[in-house]
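**Q** Please model the complete structure; the sequences and the hints are all you need to start from.
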Amino acid sequence: MEKITRRKFLSVSLAGAAVGALSASGQALGAGNFMGYPEGMGVLVDLTRCIGCRTCEAACNREQHLPEPALPFDDMSVFDEIHHGGQKRRTDENAFTVVNRYDQAQGKPVYRKIQCNHCNEPACLTSCFVNAYTKTREGAVIYNSKVCVGCRNCMVACPFRIPAYAYSSALNPVIRKCIFCYDTRLKYGKPPACVEACPQGVMTFGHKQNILKIGRERIRTNPGRYIDHIYGETEVGGTAWMYLSGVPFEDVNFDVSLQKEPILANAQAFLSQVPMVLAIWPALFLGFHRLSTKGNEDVDENIKSSNREESQS
Amino acid sequence: MKSFKGITLILVVLAVSLPFSGMARNLDLPDTVILDKLVNLYQGAEFDHEMHTEIAEDCTLCHHHSVGIPATDEKCARCHNTESVLERVACGDCHAVEPFSAQYLSEKEAETGLYHVDKPGLKAAYHLNCLNCHVEMGGPEGCEDCHERTELGDAFYRSGSYAPKGGGRGSAH
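Chains as they are written, first to last, in our numbering: chain A, 3 to 315; chain B, 10 to 182.
Heads up, a few of these hints could be off.
From the structure, some residues in chain A lie toward chain B, with a derived Cβ separation under 7 Å [said to hold, decoys possible]:
1. Q66
2. E70
3. P74
4. P284
What the hints contain is simulated information worked out from the structure, not anything from laboratory work. By construction, the Cβ of each residue, glycine as well, lies at the ideal position given by its N, Cα and C atoms.
**A** In structure tokens, the structure reads:
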């Protein structure tokens, strides 16, 4: 083995550190700055328009070929259902969107449609170690169930608790969720089935930048009708589905404590150091080791050679 | 569909031939309009135009700026402030029957009109205007109070003879 000089050791490890630091800072710049593809589509959901008719649920069921529901879609008793832990209905393997009713202290109840919000930087995607998820250029967060191993990391990672697990499947349990009707509609420039079915025009479909403008304009021109915030514009780095509400968002069970940065940003500072540590530490400590044991080796060699000489004589 | 077109035609003829349409209450307005451009899950709705003109009094609540009365809404009145009568006054003349076709979507996004970019399609326009007013005024609010559901509708909502027989999903948590 080539002898490691002190000069060589220092120059190599410094170069390594520089490369590591550069790549780390490059990634750090990227985190939190991705506001979606320019051609990305979005949906603006106006809660002040929703009447809780559940037509969107029926449209989703048909479009996605989901199994028969337990109750007809015109049965409004589902709004009174209380599930595990006192919570209202959630999306599950057989319902990629659900509407819930939220009674208000004053005034009429407010209905809220729940489905995947299709984040700009999806936590489900970054948490998936088999890379099953894809954020398409059109804005949809889709997944490949063929590679899903059923680890359910994405269920934990999702800040909106959307991905559901096919618990009922004994042989091939996979993750199931709203895919923005990507395969059948979004890909061809059409809005998802729920948007088109809605009788009240609750959902406005368009390029994300355009529907954001429409949302701001509705707030500006209807003083008193809306809370001055578009939910999803900045939450967890921005989402393709965004919401206008006439009541505070926490009163319709939106999580208003979510950070503005993508979920990914929480782990990135740490994770970006891992390759650097893996690349540099072995060289660094090997160098230290070689340097600190250099004298000892010489001593060892001397002892060995003197031993040999003794045994020969 | 035919009858609706006929009525639209009558409306158009009326609107054009009567220059003093600002006096809308003296016009020979249609008594009933059949709204059936969107028949699919529901039948068309029979709209009692005469009764509604009496209740509403203000034509612009539905016809906005198209029947010769300057728009009352401040933001609309910035442009639509004359007493001119448009040739087309039916809802479906301005609100698109298919607001989600690729062509319409791209046209809408290219629209430079300040507020028209947020113009709802025909289905949304009907429901937003009719139902919201019904809620406010205490009118009927049920779907089938205005239009009867079709066989297609029953299948879509999994209701009536298409209702779940049980043994559907059992895993809802």
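**Q** Would you mind marking each hint as holding or not holding in the structure?
**A** Results for each hint:
no., hint, result
1, Q66, "violated, 13 Å"
2, E70, "holds, 4 Å"
3, P74, "holds, 4 Å"
4, P284, "violated, 47 Å"
Hint compliance for this structure: hints 1, 4 are broken, all remaining hints hold.
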